[in-house]
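A.B. asks: One letter stands for each residue in the lines below.
There are 2 protein chains.
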Amino acid sequence: MAVTVVGSVAFDSLETPFGKRERVLGGAATHFALAASFFADVNVVGVVGDDFGEDELAVYAARSVNIDDLERVPGAKSFHWSGRYAEDMTVAHTLNTQLNVFADFDPELSPHARSASTLFLANIQPELQLRVREQCRDARVVGVDSMNFWIESARDALIRTMGEVDVVALNDAEVRMLTGEPNLARAARRLRELGPRVALVKQGPYGACMFTAEGYFSIPAYPLETVVDPTGAGDSFAGGFFGYLDSLDDPNPAENALRAAAVYGSVLASFVVEDFGSERLQRLTEDEIAGRFDEFRQMMVFEEPVAARLRSSTSA
Amino acid sequence: MAVTVVGSVAFDSLETPFGKRERVLGGAATHFALAASFFADVNVVGVVGDDFGEDELAVYAARSVNIDDLERVPGAKSFHWSGRYAEDMTVAHTLNTQLNVFADFDPELSPHARSASTLFLANIQPELQLRVREQCRDARVVGVDSMNFWIESARDALIRTMGEVDVVALNDAEVRMLTGEPNLARAARRLRELGPRVALVKQGPYGACMFTAEGYFSIPAYPLETVVDPTGAGDSFAGGFFGYLDSLDDPNPAENALRAAAVYGSVLASFVVEDFGSERLQRLTEDEIAGRFDEFRQMMVFEEPVAARLRSSTSA
Numbered sequence: 001m002a003v004t005v006v007g008s009v010a011f012d013s014l015e016t017p018f019g020k021r022e023r024v025l026g027g028a029a030t031h032f033a034l035a036a037s038f039f040a041d042v043n044v045v046g047v048v049g050d051d052f053g054e055d056e057l058a059v060y061a062a063r064s065v066n067i068d069d070l071e072r073v074p075g076a077k078s079f080h081w082s083g084r085y086a087e088d089m090t091v092a093h094t095l096n097t098q099l100n101v102f103a104d105f106d107p108e109l110s111p112h113a114r115s116a117s118t119l120f121l122a123n124i125q126p127e128l129q130l131r132v133r134e135q136c137r138d139a140r141v142v143g144v145d146s147m148n149f150w151i152e153s154a155r156d157a158l159i160r161t162m163g164e165v166d167v168v169a170l171n172d173a174e175v176r177m178l179t180g181e182p183n184l185a186r187a188a189r190r191l192r193e194l195g196p197r198v199a200l201v202k203q204g205p206y207g208a209c210m211f212t213a214e215g216y217f218s219i220p221a222y223p224l225e226t227v228v229d230p231t232g233a234g235d236s237f238a239g240g241f242f243g244y245l246d247s248l249d250d251p252n253p254a255e256n257a258l259r260a261a262a263v264y265g266s267v268l269a270s271f272v273v274e275d276f277g278s279e280r281l282q283r284l285t286e287d288e289i290a291g292r293f294d295e296f297r298q299m300m301v302f303e304e305p306v307a308a309r310l311r312s313s314t315s316a
Numbered sequence: 001m002a003v004t005v006v007g008s009v010a011f012d013s014l015e016t017p018f019g020k021r022e023r024v025l026g027g028a029a030t031h032f033a034l035a036a037s038f039f040a041d042v043n044v045v046g047v048v049g050d051d052f053g054e055d056e057l058a059v060y061a062a063r064s065v066n067i068d069d070l071e072r073v074p075g076a077k078s079f080h081w082s083g084r085y086a087e088d089m090t091v092a093h094t095l096n097t098q099l100n101v102f103a104d105f106d107p108e109l110s111p112h113a114r115s116a117s118t119l120f121l122a123n124i125q126p127e128l129q130l131r132v133r134e135q136c137r138d139a140r141v142v143g144v145d146s147m148n149f150w151i152e153s154a155r156d157a158l159i160r161t162m163g164e165v166d167v168v169a170l171n172d173a174e175v176r177m178l179t180g181e182p183n184l185a186r187a188a189r190r191l192r193e194l195g196p197r198v199a200l201v202k203q204g205p206y207g208a209c210m211f212t213a214e215g216y217f218s219i220p221a222y223p224l225e226t227v228v229d230p231t232g233a234g235d236s237f238a239g240g241f242f243g244y245l246d247s248l249d250d251p252n253p254a255e256n257a258l259r260a261a262a263v264y265g266s267v268l269a270s271f272v273v274e275d276f277g278s279e280r281l282q283r284l285t286e287d288e289i290a291g292r293f294d295e296f297r298q299m300m301v302f303e304e305p306v307a308a309r310l311r312s313s314t315s316a
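Chains as they are written, first to last, in my numbering: chain A, 1 to 316; chain B, 1 to 316.
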């Protein structure tokens, strides 16, 4: 049992109302891997330059994340994203994107990374996602993320990728864009008709929701009074979700497993946004995760004290 | 036990992607009253012109809503709102507002309407809300709604009104605007510091959430595949919420009662948007309400199949 994630490993330069940070460790695969590492063995498939140093490697080591498939290209630079969030913290404005080594990323996975029981295809070019999917024949649960850029520029390839995965994790605007359907419930149904049996819809500050054959599940966001930096929330959500699922060692997780996984996803997302980049995940403890999972339970539970005595329209 | 609602009773002319309707029965007090009538006796305090005919009165009669305090002004016209919703159905664009009789609305409540155990001050001028509040000395649970227009133009009066109520029901943009706080959890805390012990935050297609002394409760929206007309969703939510609370006959409803009430609110809101104006509420049945309440329970329940075995950062 293990989770393999393929995606960006990057330096991020971030501006939010709470401050600025230069070159913090980030990238989708980083956030995913740190979150998933609380539940499962994790292999990162990615590429960095030789500006990626011992400090960065130590972050993965501290969480026992396997980076044998993280290629280091001598004389080259790592992917570097610069972004700014305005006061409402919902939309990232990209200031600069330097793909660097990531521009030619086309991984050949090691036998160990290929043998994972769970695979997450983070937001990269859909053709690449498909090639990685084909290398991981043993994966029993496969998830995919994407973004507006690929939906516009590589729609057909993305739809082919969707046909080869079990779970699609997109935000609500992306689900609407991909399906051309403004109503979310219809859009999620269309998405599931492309192949995935689970549509996980991330809704930023509103939480997330999940559409499956068994129905609809709504997951609140944790009501944080301070969101320092939203970067990595979606990937940490995915890390919690797929990490927990992998730990169950069940090739066909049932509805209750998917729901608990989604709550763990929201728990992990709620932590990452408390500090810049992956800094909060780096110091997160298993007790904090367990405690917040219980808080989510409390946030969602209700019981009628007295059953409603509903009145018909003919009563006086 | 009874609920008194004060607010607009109106004709609405509506345009949505699903069609156009002219002069359908609407207004905040109408939607609230029809929703609340499934749980409690309801008195409507409002004003209409003599264009308000037998067909309109029959709608209230069919739900046993008491309209003794609905003043009819001879030779005058009822409030008439015209609005349009674009494809995403989240924002109403006002095309025309004719206040008519509503411009001089300043009700003197009948002894019966004053004696209600529950009072809802729908979205009207805050000074008027306060005067009605003062007339209903026996009300044990009092709620208030408002809108961006009053937050901008009558902020001080609105804050005085907030000091005299138990529950404030606003949408998230209004909560942020009133408190000047972009973070919703902080904004809700500030709102509660103004007096109300319960902050009910309506979030449109994302559902609603509730902040109380005991904590945070998140209520999903029902995942409808077709939303025909969002008009009245917030007032129907309030009608279900306060109607159910009133039926409990508890002067100080506990957290579990407030949570169940919020779910009934979301249930009622999920019906009203299925058709234009109040048409869906007019043909709603108690079995449909009970059935959808159970669906909400299913949408929110989760149980770990196996407790997560969380890994510390020192494990191998």
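Treat the hints with care, as some may be off.
Which residues of chain A face chain B? A partial, calculated answer using Cβ under 7 Å [stated by the list, open to error]:
#, residue
1, Y85
2, E87
3, E214
4, A260
5, E288
Bear in mind the hints are in silico, worked out from the structure with no lab data behind them. Here the structure is a predicted model, which means the values were calculated and not measured. Ideal placement from N, C-alpha and C gives every residue a C-beta, glycine not left out.
A.B. asks: Confirm or reject each hint.
C.D. replies: Checked hints:
1. Because the closest C-beta pair between Y85/A and chain B is about 11 Å apart, greater than 7 Å, the hint is violated.
2. Given hint, E87/A at the interface with chain B, holds; its Cβ is 5 Å from that chain's nearest Cβ, closer than 7 Å.
3. Restraint check, E214/A versus chain B: the minimum CB separation of about 9 Å is more than 7 Å; hint violated.
4. Interface hint status for A260/A: upheld, as the beta-carbon distance to the closest one in chain B is roughly 4 Å, under 7 Å.
5. The interface hint given for E288/A is violated, since its Cβ lies 10 Å from the closest Cβ of chain B, which is over the 7 Å cut-off.
In this structure, the hints that do not hold are numbers 1, 3, 5, in rising order.
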